[in-house]
Amino acid sequence: MCAVVGVVMFVGGVLSSVSDLAPTKTFTSGESVTVTVDPADKPAIYIATDTAVKYECQVSGGPGQAKLAKTTGSQTITVGAVTWEQILVINAPAKGDYELTCTNQEAANVRYGVGKPVTAAAGGIVGGSAALFLIPGAGLLVAIVGTIVVVMRRSGARKRLAVGG
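Residue 138 in the working numbering sits at position 19 of the sequence shown, with consecutive numbering throughout.
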């Protein structure tokens, strides 16, 4: 039973982590959106497109000058039928509302979005992995202790019966 609970919690932790990464605010090319940026969340900008496009994004406003930094490597997440590729991270000096605009020159079906970085999934995966091993381990430990207690009590009862005879 504990093994089943551990597996369910592992799968749930991994799936919720991935869906939490998906952009919560999406917009089209040329559209300006206001996003609340908290530097602790390390927000990321994603793109969803079927074709390669040259994009340009700008961030302004907020309590300080935020900067956009390119993401190293290719980091993608798929939610439903949409594949989002992380393209930038927002480095903001302080929490606040920032104006974000992304454009592309090509006439293509492109969506942009703001969400958590792919690296943020590590917490859910680690938590799910811990549940996968700790819950069944705790169940096994309880079973072992229970078995020892039963064996000790039976042994004591047998000794009392043998003495009392």
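Just to be clear, a hint being listed does not mean it is correct.
Below 30 Å or equal to it, Euclidean Cα-Cα: the simulated DSSO-like pairs (lysine-lysine) are [to be verified]:
1) K235 - K278
2) K173 - K235
3) K235 - K144
4) K161 - K144
5) K186 - K161
6) K186 - K173
7) K161 - K214
8) K214 - K278
Restraint ranges, calculated between C-beta atoms of paired labels, are given here [claimed, not checked]:
9) F252 - Q194: 25 to 31 Å
10) D160 - V270: 50 to 56 Å
11) V172 - F252: 42 to 48 Å
12) T147 - Q194: 19 to 25 Å
The hints are simulated quantities; they were obtained by calculation from the structure and are not laboratory data. None of these values were measured; they are calculated from a predicted model. Glycine residues also receive a C-beta, built at the ideal position from the N, C-alpha and C atoms.
Provide an ascending list of the numbers of those earlier hints which the structure does not satisfy. 1 and 8
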